[in-house]
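Q: For the record, the sequence lines run as chains V and H.
In terms of my numbering, the numbers along the first sequence are unbroken and rise by one, the last being 488.
In terms of my numbering, the numbers along the second sequence are unbroken and rise by one, the last being 95.
These are computed hints drawn from the structure, not numbers from a lab.
In this text, all values refer to a predicted model and were calculated from it rather than measured experimentally.
Please note: incorrect hints may appear among the correct ones.
Computed beta-carbon distance windows for the label pairs [unchecked claim]: (1) V:GLU346 to H:GLU95: 24 to 30 Å; (2) V:GLU391 to H:ALA82: 56 to 62 Å; (3) H:ASP57 to V:TYR368: 16 to 22 Å; (4) H:ALA53 to V:SER62: 47 to 53 Å.
Virtual Cβ for every residue (Gly too), placed ideally from N, Cα, C.
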Amino acid sequence: MINHTVAQLMHGLSEKQFSSEELTRAFLDRIEALNGSLNSFITVDPDSAINAARKADEQRASGTARALTGVPVAHKDIFCTAGMKTSCGSRMLDNFVPPYDATLIQRFHEQGCVLLGKTNMDEFAMGSSNENSFYGPALNPWNTQCVPGGSSGGSAAAVAAGMAPAATGTDTGGSIRQPAAFCGITGLKPTYGRVSRLGMVAFASSLDQAGPMARTAEDCALLLNVMAGHDPGDSTSATESVPDYTAALEGSLEGLRIGLPSQYFGSGLDAQTGQCIEEALKVLEQRGAILKEVSLPHSDLTIPTYYIVAPAEASTNLSRFDGVRYGYRCENPVDLHDLYTRTREEGFGDEVKRRILVGTYALSAGYYDAYYRKAQQARRLIRQDFLDCFENVDIIAGPTTPGPAFALGAKSDDPVSMYLEDVYTLAVNLAGLPGMSVPAGLVDGKPVGLQLIGQHFGESTLLNVAHQFQLATDWHLQQPQLNLGEIS
Amino acid sequence: MSIEQSDIQSIAELARIRVRDDQLEEVTGRIRDILSMVDQLQAADTANVEPMANPLDATARLRADEVTETNRRDAFQAIAPAVENGLYLVPKVIE
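Please take these sequences and the hints and turn them into a complete structure.
A: Here's what the structure looks like:
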């Protein structure tokens with residue numbers, strides 16, 4: 001059962017091949033066996049998972065089940081779960097038990113899904129390796145010397161290792177797509193505003209977006225059906241109508257125009273990874289797609305723009321952590337100033353503090369125009385590049401990352417080199433577009449991902465292309481060879 | 001725009017994050033690296049470009065001024081570090 005896709009599990013549950021309780025126990029056993037080594041989960045509550053599974057089985061028996069009732073799902077520890085610790089990978093929230101559910105969590109509850117546990121992540125979703133977690137890094141199941149990517153590294157590793165059939169993630173600059181690529185799974189960052197952010201701990205509010213991480217594009221479509229839609233509680237959530245994302249999966253790619261930005265195939269791209277992407281594009285061409293070269297002329301502005309906008313918004317959002325209302329408070333504060341400054345010094349990790357400082361600087365009097373305003377202008381230029389491309393092509397494709405997963409510790413001492421890891425993913429968030437990563441090959445035994453970038457609210461097209469690719473390839477079916485004795 | 005240790009001290013004060021004296025040099029170096037990377041932006045021609053705050057150019061949505069939340073003070077106070085009689089406790093501010 002642990003190797004099934006969500007679609008297969010739904011079928012098995014409705015055909016009574018197994019119960020949700022049996023299914024949930026199988027995944028809990030797998031977590032029990034592997035999590036000590038892979039560190040994918042921060043919190044697992046087997047009793048509440050079993051209870052939810054039993055309730056799902058009752059719903060199946062009484063005929064009140066919905067499509068995904070009884071399917072276990074893991075959630076990134078950034079989503080508030082009423083009564084269950086929500087740490088966001090930070091010491092600041094290590095003691096935080098939310099009094100309410102995020103809208104996304106509520107939607108999975110309403111669907112009757114079983115919450116398997118909360119997955120590891122870079123602190124406050126800031127990182128590309130999971131090494132910034134207060135709980136230590138999750139490891140890559142394909143090679144435990146390597147990072148799983150980040151920030152949704154725990155979710156990616158959990159799905160890749162069969163500890164969960166699917167998981168949620170969030171993506172502010174690549175945090176769904178990059179770990180999906182590194183762990184050989186399929187991940188989708190929807191259009192900005194497609195999924196509610198209520199109850200999702202905020203990092204950069206104009207960039208943050210939640211999305212599904214699973215084995216296949218079909219599974220991502222099934223999960224996005226649960227997640228997407230307007231939420232009156234999130235004033236930035238989109239009011240556009242939500243299609244059935246599975247409806248377009250089977251469509252032909254005949255005549256679909258795929259743009260290949262020359263900037264995404266330059267010298268920064270690892271040669272073997274580039275080879276995998278070329279092969280993947282040939283597969284799409286064989287299925288009728290037309291490949292066209294396009295240009296994103298402002299690509300070189302992407303990293304500097306992102307590293308002003310995201311820290312600026314983070315410095316504002318994270319000002320709420322003051323040691324007064326919830327979360328960590330330092331010991332024996334001598335006065336209010338000491339309480340604030342020491343709580344924040346001790347509660348936040350190094351990368352989070354760096355970004356708060358950079359953001360505070362960019363927003364401070366005298367520097368605002370030179371940094372923040374300038375970045376917002378560059379952001380418009382970056383988005384316009386994409387809109388210009390979409391005059392001539394239907395989607396854009398390229399690599400998700402410059403290469404496969406890197407070794408633990410390889411970049412953790414140099415923030416700027418870590419930032420360069422996200423060179424192909426950041427622009428999608430700045431432009432608010434949907435993006436996917438689809439397994440497209442192995443380099444030195446480690447997965448690499450094909451990135452697909454769609455037009456605003458064009459998730460169905462991306463899922464269609466990814467599904468057609470997966471009908472012709474088996475990269476998404478490959479699984480890491482986990483030697484339990486060796487890693488535990 | 002090179003940044004000095006004194007700049008870091010004043011930013012850290014604005015951000016209410018203590019940076020200890022023995023960390024100041026390292027933190028300043030890291031922030032300087034990041035700022036010199038983002039300074040590439042200064043060369044970009046952004047004349048007459050409207051700043052973009054929202055990727056869909058959406059503006060804040062208004063709703064009717066009605067109470068939609070229930071009072072959950074007890075639940076919220078249960079997770080606070082220190083409370084008394086329904087109030088949040090902090091160190092004495094006024095002597």
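Q: Go ahead and decide if the range 24 to 30 Å is satisfied by the Cβ distance of GLU346 (chain V) to GLU95 (chain H).
A: holds, 26 Å
Q: Does the beta carbon distance between GLU391 (chain V) and ALA82 (chain H) stay inside 56 to 62 Å, or does it fall outside?
A: Between GLU391 (chain V) and ALA82 (chain H), where Cβ atoms are some 59 Å apart, the hint holds.
Q: Verify the CB-CB distance for ALA53 (chain H) and SER62 (chain V) against the hinted window 47 to 53 Å.
A: holds, 49 Å
Q: Against the range 16 to 22 Å, how does the distance between the Cβ atoms of ASP57 (chain H) and TYR368 (chain V) compare: consistent or not?
A: About 21 Å separates the Cβ atoms of ASP57 (chain H) and TYR368 (chain V), which means 16 to 22 Å holds.
Checked against the numbered hints listed earlier, the structure breaks none of them; every hint is satisfied.
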